Amino acid sequence: MDSSKREGEAAINIPESKSTKGKNVAHTTTLMAAPPPPRGGWKRGVAIFDFILRISGLVAALAATTTMGTTDETLPFFTQFFQFQASYDDLPAFTFFVVANAIASGYLVLSLPFSIVGIVRPHAAGIKLLLLIFDIAMVAFTAAAAAAAAAIVYLAHNGNSKTNWFAICQQFNDFCQRISGAVVASFIAAVIFIFLVVLSAVSLHRRH
1 MDSSKREGEA
11 AINIPESKST
21 KGKNVAHTTT
31 LMAAPPPPRG
41 GWKRGVAIFD
51 FILRISGLVA
61 ALAATTTMGT
71 TDETLPFFTQ
81 FFQFQASYDD
91 LPAFTFFVVA
101 NAIASGYLVL
111 SLPFSIVGIV
121 RPHAAGIKLL
131 LLIFDIAMVA
141 FTAAAAAAAA
151 AIVYLAHNGN
161 SKTNWFAICQ
171 QFNDFCQRIS
181 GAVVASFIAA
191 VIFIFLVVLS
201 AVSLHRRH
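In full-length UniProt numbering, the protein residues as written are 1 to 208.
Keep in mind that the hints are not guaranteed to be accurate.
What the hints assert, rightly or not - Computed spacing ranges between beta-carbons, pair by pair: (1) 45 <-> 173: 41 to 49 Å; (2) 44 <-> 85: 50 to 58 Å; (3) 130 <-> 49: 15 to 23 Å; (4) 45 <-> 194: 15 to 23 Å; (5) 126 <-> 198: 16 to 24 Å.
Read the hints as simulated data drawn from the structure, not as lab findings.
All of these numbers come straight from a predicted model, not from anything done at the bench.
The beta-carbon is built from N, C-alpha and C at its ideal position, and this holds for glycine as well.
Just need the whole structure built from these sequences, with the hints factored in.
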């Protein structure tokens, strides 16, 4: 008698309470409604492109600095006491050009670690804002240096009869070729800085 009662008691199923069902349903709904984690794929791609552009800008700025800074030509004459020489430091515009591009090169070297951090942490807005501010300053710096040097290069090639500025490139051919190449490299660096500013602005604007 007792054993049959125990078997009957063991066979009784306890129904699940309504409150427990409600909690399970609510928990499942919460899990299903949870938003997906933010995707940083395109921002990481922009950060990688930023790093590549900084290396390219560094190469261009260094090329402009070294080319202009080592430009020096002396015209050969019969005597060593009477010679014509052209050097970059004879003109303040070229000296400013060398200093400006050297500063831009140093900045690009220092900015590479921050660009790497932007690749690892693509959602870090503080680093991008800091780089954006300095990139804008470098755009103005390199563009001003390149424009000032370009004006002198134009006069060296064409001269100006009203101011008695003679075209010296007919005599100092190697000198003019080197300073022209340096100016082109500096303009390339300035354009790269403009692209860096645009990339940083787009990345900061589309934060979500």
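Hints, one by one, checked against the model:
1. 45 <-> 173: 41 to 49 Å: Since the Cβ atoms of residue 45 and residue 173 sit about 45 Å apart, the hinted range of 41 to 49 Å holds.
2. 44 <-> 85: 50 to 58 Å: The hint (50 to 58 Å, Cβ to Cβ) holds, given that residue 44 and residue 85 are roughly 52 Å apart.
3. 130 <-> 49: 15 to 23 Å: 18 Å, holds
4. 45 <-> 194: 15 to 23 Å: 20 Å, holds
5. 126 <-> 198: 16 to 24 Å: 19 Å, holds
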